[in-house]
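A.B. asks: These protein sequences, in sequence, are chains R and C.
For the first sequence, the residue numbers in my numbering are 1 to 328.
For the second sequence, the residue numbers in my numbering are 1 to 552.
Everything labelled a hint here was simulated from the structure, so no lab data went into it.
Since the structure is predicted, the reported quantities are computational estimates derived from the model, not experimental observations.
Among the hints, erroneous ones may be present.
[Said to hold, decoys possible] Some chain R residues near chain C, calculated using beta-carbon distances under 10 Å:
1. 149
2. 152
3. 271
[To be verified] Using 20 Å as the maximum straight-line C-alpha spacing, the simulated SDA-like pairs for lysine to any residue come out as follows:
4. C:93 - R:232
5. R:313 - C:65
6. C:528 - C:468
7. R:160 - C:12
8. R:270 - C:175
9. R:147 - C:73
10. R:270 - C:528
11. R:232 - C:18
12. R:252 - C:468
C-beta: ideal position from N, C-alpha, C; glycine also.
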Amino acid sequence: MRTKKEYLIRYKDGNLYCELADIWIDPSKPVKKALITHAHFDHFTFGCEEYISTKETAILLKERVGDNIKIKTFEYGEEFKINGINISFHPSGHILGSSQIRFIFAEEKWLISGDFKLQKDQTCKQYEIVKTDYLISECTFGLPIFKWDESNKIANDISKWITNSPEKTSLLFCYSLGKAQRLLNEISQTNFKGNIYSHGSIHKMNNSYRKLGIDIKDTIKIENKKKIDELKGSLILLPPSLSKGSYLKNFKNIQTAFASGWMSIRALRKRSGYDKGFAISDHADWDGILEVVKKSEAKNVFFHHGDSEALSKYLLEKESINVLLFSK
Amino acid sequence: MSLKKFSELFGDLDSINSTNNKIEVLKNYFLSNDPIDNSWAIYLLTGKSNKRFISGRYLKNLFSQIYEYPQWLIDTCYLKVGDSAEVISLLLKNKTNSRKKKLSNISLNELLSETIPALSKLNEEEKNLEIKNIWETLPEDNHLVFNKILTGTFRVGVSIGLITKSISKLFNIEQEIISHRLMGDFKPSIDSYEFLINKNINLQELNSKPFPFLLANTIEDKIFKNSINDFQFEWKYDGIRMQLIKRSGNVSLWTRGQELVNESFPELVEKMSHIKDDFVLDGELLVWNFKEQIAFDFSLLQKRINRKSPTRSIQIKYPIIFIAYDLLEINGRDIREIKLENRRIELEKYFSKWQIKTENNISDIFKICDLIFPKDWPDALTYKEKSRENNTEGLIIKKKTSIYSSGRKKGIWWKYKVDPMQLDAVLIYAKGGSGRRAGLYTDYSFALWKDKELIKFASAYSGLTNIEIKELDKWIRKNTIEKFGPVRSLKPEMVFEISFEKIQISKRHKSGIAVRFPRITKWRKDKKINDADSLENAYELIKKYHEKYHEK
C-alpha cells in the first residue's frame, strides 16, 4: 500500500513512474508499459512491451518507426483503468495528437501536462484546461523573458524575410514533426506565394498530417540536385540536424534561419550560427505556464524539463502556490 | 526618419552576415532618411556615442519598482540574456499596452538631442516617471534600441570600414576621404552630414582632423619568403598609439580611439609648439625610463591617461615621451602617398635636429623611433625574442615601399609578437558570461599551487572553441561545489594552459602576482591537477624578466 509520503507518480531513474499501475510516462529506456504523451523522439524509446497513446500519436509514431510496435490507443477524454487507477488523455496543444495525462485514484487527481502550449495552432487540438490536485508540468521556457508573439506575426516576418531576398534560397530549419506543419499552415496564409520545398523527413510528416485530416499546404520534396535557379526566391524547410555539415553545400546563395523559442534571445541567436532566428515555439511561454498552473487549481505542483528554480520561487512568493521537488 | 526605422536597421544589421548585404541595407537607410537622422545613425553605428545616461543596474531596479517585479527574478533572467537593456526590453513585452503611441514616430534626432539629454536635468523621481512614460509610449520593438542608447551599450556588428564603404558607394566619394572626414570629434548635425557627403573635397576643411590610422596585421609565414631588405623593423611598443598634429600653429594629440587628449599631456603639447614647422606625426606615447632608455610598464601610463591637467609632480613622477614612427604631413603637404623609406628620410630631415641635446631641444619628451637592422629572418627572430628585455611586445615590420593607407590593410605592416608566457593552472571558479555568451559558464578563474592550497591567480574567458565551451559548461554544471550568485566554485579537476603577456608583483592580489591579457591556450586534459604549476613557478618568471621597467 501507498503510505502518506509516497506520491502516486514519482521520478525513478530519470523518468516519471506510477508504481501502483506499474506504468511509465515517456520513458527513456525499454519498460513493460509506457504511456506516450506525443510522437517526438525525445519522448519515445524502442523496445517497450506495450505503448499506450492517443490515436493520432500512435499513427504518427508508426509512420516514423514502423508498424513493429504494439500500441493501444484511446480517444481524448476516454477513461481507462489500470490497477484501479482511472487514466485519460487530454489535448495539450503541443503537436497533433499530443496529450496531457490525467490519473485519478481514490479521489486524488494527478495531471501530467506533457509538452504543451496555449497558443493557437490550426494543426492540432487546442489545450484543454483540466482541473487537478497535483500538477506535473514542463517548464522549458520558465522565465518571464519568454513571451511569444502571435504565430501569424511570425509567419509574416518569415514571409518578408524570404521576399526581401528574391535572389536567395531561404532555408528555414525547424523540427520535422509539428513545428514544420504549423509553419506551413501559417505561411500559406501570408503574402508569400513562392515555391515551398521540404526535406524528406518533413514531407513524410506533412502527408501523415493530411491523412489525419489536417490541411497542410502542398510542398515539393527536395531533391539533392535541383537546379540553383529553380530554388531562387523559394523556401525550403529542413530539420535542424542538417544545418551543420556538408548538406548545405547542395545549395548556393542561401540565407538560413531557425524557428525556435530560444531565438527570442539575441545571444542565443548569435551563437546559433543561423543568419536569422524566428521566435516561435510549441511550448508554453512564461505566462502560459502560470495560466495553466492557476487554472488547473492544483495545490501541489512539480516541474520537470527545464530550469524550474525561478518559476518555483515566483509561484511561492507571488501566488502562494507550493512547488514540490521530486527526489530523483 | 524615426527611431522606428533605426530599430529596423539595427535588427537587419544584427541578422545579416553578408558584408555586401549589410552595405545594401545601410545605403537604403541613408537614402530614405533625412540628413540629421543619418548623422545620428552614423554617430551611433561608429560607436562615437557611448555616453551612459543611466546604468544597467538602475534600469533593472527601475523596472522592478514600476512593475513590482522581484529583483532576483530580473537577475536570473539577466544570466540567460547577458545584457541589461535586452532583459528589460524582453520583460517590457505586453506590459505597455497604452493606447496612445504618441512616440511611435519620434525621430532619432528628437530622441537623442532632446528627450534623452533632458532626462539628466530631472530629479530621480521625475526621471523615473519620464522613462516609464517613454517605455509606455514607444512601440515595443523600439525598446531594445532605446534601452541600449540609454545605458550606453549600443553596439552592432558593423565596422567603421563598412559604414564608410556604404557612404562612399552611395555618394561616389573615395572611401579614404569619408573615413578622414569621420575622424576626430564628429558631432551629429545636418552640417556634419552634409560635410561628410560633400563631393567637393577641400583639404583645408579636414585640418582639425587626424588621418585614419594604418594598422598592422598579424605576421604570416609568406613574409619570410621576401628579402629582409624590403622591410623596415621597429620595436612594438605597448603604449598609446597617437597622431601628433601641429597645423596653423595649433598642436593636437589624437588617440587611435579618436579622442583628443591634449589635456592629459600638456607638457607634450607645450614642447611641440616650439617647433616652427607644421606636421602630422604617427607615433606612440609612453611613460619612459630615460636612464635606461626603455619604456616603463603600461600600468604607469594608465596613471596618466585618465588624469586631466596633471600636476607638475605627476609629470615628473611619470615622465612621458612621444616616439615618432612616421611623418604623414609636413607644412601642409600630405605625404602619405610617398614610400615609407622616403617618408622616413623626411622624418629624420625635419626632426633629428630636435632630439640633439642643445638649447631648446625636446629630447626630454620626443624621440624618433629607433630602427632595428636584422641580417636575416633568423636574426629578426632573435630580436623578437629579446623584446621582453626592453619591455616591448615584439617587432613591427613595415614594407619599405608601402604608402600610408588606412585600416588593417593586408600585406604592408605586420606585427611579430613575442611568444606569450605560460603556466598550467587549475580551474576553480566559473561565472556566467554576458552578451553573446549569456546562459553559458564562460568566465573562468584559475589557480596555482601554494604548498597544498590552490590560490587564484588569473581570470580568463577567451581561447576555447565553441565546442569546448559547451563541453566545459556541461562539466561545470555537474561539478559545482557551491553557488554564490552567478559564480560557482568547482571541483578542482581541470587543468588549462594559460598564456599571458606580462607578469608582475601585485599587492592587490591574494596570489601576489598580476598577469596581463591572460587567455586559455590549451585544455590540458592530459594533466592531473598535481601537474599544474605553483606560485613559485610564477615568481621565477618574474625574476627571469627582470623588473627594471616597473615602478620602484
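A.B. asks: Please go over all the hints and tell whether each is borne out by the structure.
C.D. replies: Results for each hint:
1. The criterion of a C-beta within 10 Å of any C-beta in chain C is met by residue 149 (chain R), whose closest approach is roughly 9 Å, and the hint holds.
2. Proximity of residue 152 (chain R) to chain C is violated relative to the hint, the smallest CB-CB distance being about 16 Å (cut-off 10 Å).
3. For residue 271 (chain R), the suggested interface contact is upheld, since its CB lies about 6 Å from the closest CB of chain C, less than 10 Å.
4. For the suggested pair residue 93 (chain C) and residue 232 (chain R), the alpha carbons sit about 36 Å apart, so the restraint of at most 20 Å is broken.
5. Taking the CA atoms of residue 313 (chain R) and residue 65 (chain C), the gap is about 19 Å. The hint holds against a cut of 20 Å.
6. Straight-line distance between C-alpha atoms of residue 528 (chain C) and residue 468 (chain C) comes to about 18 Å, which keeps the hinted pair within the 20 Å bound.
7. Distance restraint check for residue 160 (chain R) and residue 12 (chain C): the Cα-Cα separation of roughly 12 Å lies within the 20 Å cut-off, and the hinted pair is therefore satisfied.
8. About 29 Å separates the Cα atoms of residue 270 (chain R) and residue 175 (chain C), which puts this hinted pair outside 20 Å; it is violated.
9. A hinted pair counts as satisfied when its Cα atoms are at most 20 Å apart, and residue 147 (chain R) with residue 73 (chain C) qualifies at roughly 15 Å.
10. The hinted pair formed by residue 270 (chain R) and residue 528 (chain C) fails the criterion: a straight-line CA distance of about 35 Å is larger than 20 Å.
11. Between residue 232 (chain R) and residue 18 (chain C), the direct Cα distance comes to roughly 17 Å. Compliance with the 20 Å bound is thereby established for this hinted pair.
12. Restraint check for residue 252 (chain R) and residue 468 (chain C): not satisfied, since their Cα atoms lie roughly 30 Å apart, outside the 20 Å limit.
Going down the numbered hints, you'll see the structure goes against 2, 4, 8, 10, 12, while the others check out.
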